[in-house]
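There are 2 protein chains.
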Amino acid sequence: MPLGEEKNGTCDRSIYVNNPHLDSMTDDILYHFNLGTSTHDLAAMFGDVKFVCVGGSPWRMKSFTEYIAKELGLSDPNAEYPNICAGTDRYAMYKIGPVLSVSHGMGIPSISIMLHELIKLLYHARCTDVTVVRIGTSGGIGLKPGTVVITKQSVDSVFEPRLEQIILGKTVVRCTELDGELAEELLQCGKELAEFETVIGNTMCTLDFYEGQARLDGAFCSYTEEDKQSYLAEAYAAGVRNIEMESSVFAAMCKLSNLRAAVVCVTLLDRQKGDQLTSSHDVLNNYQQRPQALVGHYIKKKLNASKKS
Amino acid sequence: MPLGEEKNGTCDRSIYVNNPHLDSMTDDILYHFNLGTSTHDLAAMFGDVKFVCVGGSPWRMKSFTEYIAKELGLSDPNAEYPNICAGTDRYAMYKIGPVLSVSHGMGIPSISIMLHELIKLLYHARCTDVTVVRIGTSGGIGLKPGTVVITKQSVDSVFEPRLEQIILGKTVVRCTELDGELAEELLQCGKELAEFETVIGNTMCTLDFYEGQARLDGAFCSYTEEDKQSYLAEAYAAGVRNIEMESSVFAAMCKLSNLRAAVVCVTLLDRQKGDQLTSSHDVLNNYQQRPQALVGHYIKKKLNASKKS
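Sequences listed follow chains A and B, in order. So the first sequence is residues 1 to 309, counted in the UniProt record's numbering. So the second sequence is residues 1 to 309, counted in the UniProt record's numbering.
There's no promise every hint is true.
[What the hints assert, rightly or not] Below, in silico cross-link-like pairs of lysine-lysine (DSBU-like), each with a Cα-Cα straight-line distance of 35 Å or less:
no.	chain 1	residue 1	chain 2	residue 2
1	B	Lys170	A	Lys273
2	B	Lys170	A	Lys144
3	A	Lys50	A	Lys228
4	A	Lys170	B	Lys144
5	B	Lys144	A	Lys228
6	A	Lys300	A	Lys70
7	A	Lys95	B	Lys62
For the record, the hints were derived by calculation from the structure and aren't laboratory data.
Excised from the complex, chain A in its bound form (with noise of 0.2 Å):
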């Protein structure tokens, strides 16, 4: 299938899923959330969600959601954030106003079911206008550790912005197109907040962390540190700013389904300096906290913006 055959309106900004089987099912289970449409008013409990923040970490997500609340004024101290999906261990929940963070694990696939059921939860819950993203950490090149980066386009292993699926054995070609516009919102956030640096470039994404990033110490290794250089470099004339695992589904479904999205991801090193991850704990424990600072910006401007008109 071509690039960009699968289309969506875009007058309403709903939330659309493209399955016709979805409307003859009396029930939809959300296994991996448990959670469903027999057993949850989804509606009530998910109506009101305007922004969906995603990352690997369920940590990561709770503490999140403990800083927006305090951001957005909802903070209560002897406040509890309950995890949604309490019942299973696969993904964590939680949601503060119209803020709604989730957690997806590491790489493609675990992200791609969580969005699935993220995207068939805000259908059933009739959303509108929802806007997704993804915060999450990366490997940098050429940028100094800590730089926040805002993705342009996901792009693959060989610097192409298009996800292939396999559906019932046969390749299907996806569109990792992001919205322009609002990276370059956040990326005026990042300026606003002036606490870090913050880019906007290519993202590459993969299915491997150690040899499908080029790093030279994982369990197996067959190339040099000089292949390793020139293929970072490659990357690098390509656009290409970071490297994570996560973005091409991430961008692919979400203009699937009319979801505004972005990707922000803070860079843990410099890849062309060194693969391990050798800064203190607390030093990356500081830089994590980055893609969350610059989205609590963003959510508390487009929340103000919209109390006033």
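Chain B: place on chain A using the hints.
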């Protein structure tokens, strides 16, 4: 690279890493385990490991450790089994006697990160003669739900026993062969237990739970029930008895590192009859204990045999 070009010796069954760069590293940080060679005495912590059981869910791997402790007569009513990877939420790891239990999340990328670090851990700890078993859940084809499938071959979406990995932007094909003798021994354990049906069959490994497994209930679906049924029938004709999301890279990486490996998954439903997991929590929970009962029986038998000899 053709199938099987990456060879291992087979004489002393020590763990192989195939990476010349590791020798020149003064320290090796196993980042996603929160362990490292300079911060932990890996040989003292893990040198006696003979069996490693891996599975998607951290809860299930903790419960496996409690179960195996009881089975091996190593349990203490007051014992706590601390999570060895407590400093991170990427994976959970538990150990009791010679049995290590590690979670791997969902999908090929997630288990691949874990296996790179596990193989290096076993190598640094100088372990020998290690057997690794994935105990998991899957969708069955033409089997009564609750049947346990021991994988003969892990096959891809066109039913070939191979894994395509992308290294420096180029496709490398790896062999997904598992240990045939170990599979037969495990089948024998199933017969001895006689508590549930156990079969040997091929396992299809996919990158996606919904469209990649021909489900009709994802957020997107572009095919008919008839298309789905004919794809599953083709899979069945090729010897596929269950579908999951980790076995191919598990088989390939264990083979490359000279680890005796098996995949033992219970089928939670018959995919020819449906897509959603509608069985009760209790029934699904009972099913999930079957692979651990089978592998527990195998480990007990092996340890008893080695005591006698």
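Hint check results:
1. Lys170(B) with Lys273(A): 23 Å, holds
2. Lys170(B) with Lys144(A): 28 Å, holds
3. Lys50(A) with Lys228(A): 42 Å, violated
4. Lys170(A) with Lys144(B): 28 Å, holds
5. Lys144(B) with Lys228(A): Not OK: Lys144(B) and Lys228(A) at ~49 Å, beyond 35 Å, violated.
6. Lys300(A) with Lys70(A): 11 Å, holds
7. Lys95(A) with Lys62(B): Roughly 28 Å between the alpha carbons, so the hint for Lys95(A) and Lys62(B) holds.
Consistency with the previously given hints fails for numbers 3, 5, ordered from lowest to highest.
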